[in-house]
Amino acid sequence: MQSSSELFPVALISAELRGDLSEDVYRLKPGNSPDFSVELALTRLGMHGQDARRGVPVILLHGSFSNRRFWYSPRGLGLGPFLARAGFDVWIAEMRGHGLSPRNQAYRHNRVADYARYDLPAIAAFVREQSGQVPHWVGHSLGGIILAAALGGHYLGESEVASAALFGSQISRIYWPLKVPPVEWGGRLLLKRFPVLSGARLKRGPEDEPIGLALETLRWHGLFGRFGERGNDWWAGLAEVRVPVLAVAARGDHQDPAWACRKLLEQFGSPQREFLCLGKRHGHSDDYGHIEMLVSKPAQGEVWPLVEHWLRHLALPARPGTDGSGDRAQHASIHP
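Going by the numbering used here, the residue at position 204 of the sequence shown is 309; the numbering climbs one at a time, nothing skipped.
Worth double-checking, as some hints may not be accurate.
[What the hints assert, rightly or not] 20 Å max Cα-Cα, derived SDA-like pairs, lysine to any residue:
no.: 1; residue 1: K385; residue 2: P362
no.: 2; residue 1: K385; residue 2: P410
no.: 3; residue 1: K308; residue 2: E407
no.: 4; residue 1: K308; residue 2: P410
no.: 5; residue 1: K297; residue 2: H214
no.: 6; residue 1: K134; residue 2: R222
no.: 7; residue 1: K297; residue 2: L323
no.: 8; residue 1: K368; residue 2: G394
no.: 9; residue 1: K402; residue 2: S178
no.: 10; residue 1: K402; residue 2: A191
no.: 11; residue 1: K308; residue 2: R174
no.: 12; residue 1: K402; residue 2: R174
no.: 13; residue 1: K134; residue 2: A120
no.: 14; residue 1: K308; residue 2: E397
no.: 15; residue 1: K297; residue 2: S401
no.: 16; residue 1: K385; residue 2: E371
no.: 17; residue 1: K368; residue 2: S390
no.: 18; residue 1: K134; residue 2: V161
no.: 19; residue 1: K402; residue 2: S390
no.: 20; residue 1: K297; residue 2: R324
no.: 21; residue 1: K402; residue 2: K134
no.: 22; residue 1: K385; residue 2: A423
no.: 23; residue 1: K134; residue 2: R190
no.: 24; residue 1: K385; residue 2: E407
no.: 25; residue 1: K368; residue 2: W340
no.: 26; residue 1: K134; residue 2: A191
no.: 27; residue 1: K402; residue 2: R356
no.: 28; residue 1: K385; residue 2: H359
no.: 29; residue 1: K308; residue 2: I396
no.: 30; residue 1: K297; residue 2: R213
no.: 31; residue 1: K402; residue 2: G384
no.: 32; residue 1: K297; residue 2: R278
no.: 33; residue 1: K134; residue 2: G202
no.: 34; residue 1: K308; residue 2: S401
no.: 35; residue 1: K134; residue 2: Q155
no.: 36; residue 1: K385; residue 2: W364
Don't read these hints as lab results, they were simulated from the structure.
Computed from a prediction, not measured in an experiment: that's the story for all the values here.
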């Protein structure tokens, strides 16, 4: 594997021009986890002819059943290209076995714990090496949960994370049947019969998810479950995190409701925390859904500029006003 890093083997597997954008795809082989076959694809987007003047790095993490195309369509559209055209140094990560990242030998057993403990620190180290700056992170759904796990588990800290933005990410929604041990046990026995969860069959997206991820989620939501792993309580660890955090929920998102997204944000000990709910009652043009909050025509005009503003100023633009519940219509700043 051709190396372009002093950290671990890295291959530049493609370098292309996509209209006004430059696209470099790297494949990292960090060798820092028990499964040494793990390789991670990392796409770097910038403006053609401006490689020597790269801006602040931003790392984008996709959600479950997804890949880099959530952020960056073949036509050069998406939040990734938008931020690159705004002058940011954009890096789009793909989790093990997703998109251009090949399936590792133990793919079936992959968990959030593996992504948080091994993969995100390797990605952070490489981006810092290449850019010379501490990156900002943006995660959608499971991507945001993985980022929260890495922060709460203290696998990432202020030297690797300039700020964290979590879109549609939560772990507090209660599934009452799973609180009954026989139901949870039965679910585990059923899931263990399958190597993967098929995104196509479940109509959830273009990618599969390893069964280890589903089993891990069952444990979190079980009777005595917690967000963490043995010997490391990620939920408790979030109270010690100090990096700026933005949490964004969508009023039309029934999968990850706003109250649960806000609860995750409130667990962070960060002095600088902001919460934003996207919906008509909050002054937006649409009651956004789980995907539409970042991938839709309205999001292009309303949400993407807010992300850019957050990354530049670590604050959302102030828009005063209250809704019927007394919450701020546009967003709320939360102080520990």
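Hint check results:
1. K385 to P362: Distance of about 15 Å is within 20 Å: holds.
2. K385 to P410: holds (18 Å)
3. K308 to E407: violated (27 Å)
4. K308 to P410: Violated, because 30 Å separates the two Cα atoms, which is more than 20 Å.
5. K297 to H214: Judged against 20 Å, a Cα distance of about 10 Å means the pair holds.
6. K134 to R222: holds (15 Å)
7. K297 to L323: holds (12 Å)
8. K368 to G394: Since the Cα atoms of K368 and G394 sit roughly 19 Å apart, the hinted pair holds (cutoff 20 Å).
9. K402 to S178: The given pair, whose Cα atoms are some 13 Å apart, holds under the 20 Å limit.
10. K402 to A191: Roughly 18 Å separates the two Cα atoms, so the pair holds.
11. K308 to R174: holds (17 Å)
12. K402 to R174: holds (16 Å)
13. K134 to A120: holds (18 Å)
14. K308 to E397: It holds: about 16 Å lies between the C-alpha atoms, which stays within 20 Å.
15. K297 to S401: Violated, at roughly 36 Å.
16. K385 to E371: violated (24 Å)
17. K368 to S390: Distance ~25 Å between K368 and S390 Cα, so the pair is violated.
18. K134 to V161: At roughly 24 Å apart (the allowed maximum being 20 Å), V161 and K134 break the hint.
19. K402 to S390: Roughly 11 Å separates the two Cα atoms, so the pair holds.
20. K297 to R324: Judged against 20 Å, a Cα distance of about 14 Å means the pair holds.
21. K402 to K134: violated (36 Å)
22. K385 to A423: holds (17 Å)
23. K134 to R190: violated (29 Å)
24. K385 to E407: With a Cα-Cα distance of about 12 Å, the restraint between K385 and E407 holds, given a limit of 20 Å.
25. K368 to W340: holds (11 Å)
26. K134 to A191: violated (30 Å)
27. K402 to R356: holds (17 Å)
28. K385 to H359: holds (16 Å)
29. K308 to I396: Cα-Cα ~13 Å, so holds.
30. K297 to R213: holds (10 Å)
31. K402 to G384: Judged against 20 Å, a Cα distance of about 15 Å means the pair holds.
32. K297 to R278: The hint is violated at about 24 Å.
33. K134 to G202: Holds - the C-alpha atoms of G202 and K134 are around 13 Å apart, at most 20 Å.
34. K308 to S401: holds (19 Å)
35. K134 to Q155: violated (27 Å)
36. K385 to W364: Answer holds: K385 to W364 is near 17 Å, not above 20 Å.
The structure fails to meet hints 3, 4, 15, 16, 17, 18, 21, 23, 26, 32 and 35 from the earlier list, while all remaining hints are met.
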